[in-house]
Amino acid sequence: MDASSTSPSQKSPYEYPQSRLRLAVAVLILLVISLPGWPVIRHQTDLLLDSMAPISWTTAGLLMLGLFAMVPFTILLHEPVHYLTMKLLGYNPEIQWIAVNPNVSAPGQRMDATHNVISLLAPLVVLDAVALLVVFVDVHPVVSLVAAGVFVVNSLASANDVSGAWFDYRLPAGSQVEFRKENGQTVSYIYEAR
Numbered sequence: 101m102d103a104s105s106t107s108p109s110q111k112s113p114y115e116y117p118q119s120r121l122r123l124a125v126a127v128l129i130l131l132v133i134s135l136p137g138w139p140v141i142r143h144q145t146d147l148l149l150d151s152m153a154p155i156s157w158t159t160a161g162l163l164m165l166g167l168f169a170m171v172p173f174t175i176l177l178h179e180p181v182h183y184l185t186m187k188l189l190g191y192n193p194e195i196q197w198i199a200v201n202p203n204v205s206a207p208g209q210r211m212d213a214t215h216n217v218i219s220l221l222a223p224l225v226v227l228d229a230v231a232l233l234v235v236f237v238d239v240h241p242v243v244s245l246v247a248a249g250v251f252v253v254n255s256l257a258s259a260n261d262v263s264g265a266w267f268d269y270r271l272p273a274g275s276q277v278e279f280r281k282e283n284g285q286t287v288s289y290i291y292e293a294r
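Going letter by letter, the sequence shown gives residues 101 to 294 in my numbering.
Fair warning: there could be bad hints in the mix.
Restraint-style ranges between C-beta atoms, simulated for each label pair [claimed, not checked]:
| # | residue 1 | residue 2 | range |
| --- | --- | --- | --- |
| 1 | R270 | W157 | 50 to 56 Å |
| 2 | L188 | W157 | 43 to 49 Å |
| 3 | G274 | F236 | 37 to 43 Å |
| 4 | A273 | L165 | 45 to 51 Å |
| 5 | D238 | I195 | 30 to 36 Å |
Please keep in mind that the hints were generated in silico from the structure rather than gathered at the bench.
Note that CB positions come from ideal geometry on N, CA and C, so glycine has one too.
Work out the full structure: start from the sequences and follow the hints.
Following this line, the structure appears as structure tokens:
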């Protein structure tokens with residue numbers, strides 16, 4: 101699909117709601133992952149600490165460094181899942197790493213809104229499922245703790261994806277999303293089916 105296709109109707113560039121919706125979704129996701137996640141993380145932390153006793157300052161420092169590295173590590177996993185999903189759906193995506201908020205889009209292409217929902221939710225579903233599987237498999241406690249960290253960071257980082265997917269899900273069937281680069285930013289145009 102290319103940007104020159106005719107559309108039922110075009111709205112001006114849509115910017116997904118920034119502050120309140122993101123905060124609400126992040127809090128909701130945090131609450132949802134806390135229910136099953138907290139006991140898992142607590143259990144894995146106990147196993148880790150038991151396996152490392154006595155803990156040295158070097159080990160404690162490495163653990164803290166690992167916690168700080170969890171966010172970029174998870175982003176390095178998260179964005180390629182968006183990319184691969186879009187590729188599998190037949191689009192030509194690109195990853196924008198150098199941004200305040202790294203993202204994947206398919207500039208100049210119109211994407212079915214349903215496909216956009218799938219690509220937005222893919223990292224949440226895939227990475228969280230793999231992370232939980234690793235947590236529950238009997239592996240070294242450090243590996244389980246990293247997986248638990250990926251689960252938490254990825255779930256929270258998916259707040260914007262979930263809010264965007266919810267918006268697109270509510271569009272009429274046949275609606276499309278077009279990504280354009282304008283002034284170095286990726287902008288989404290919504291083409292609502294009538």
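| field | Structure-inconsistent hints, enumerated in ascending order | value | Every hint satisfied by this model.
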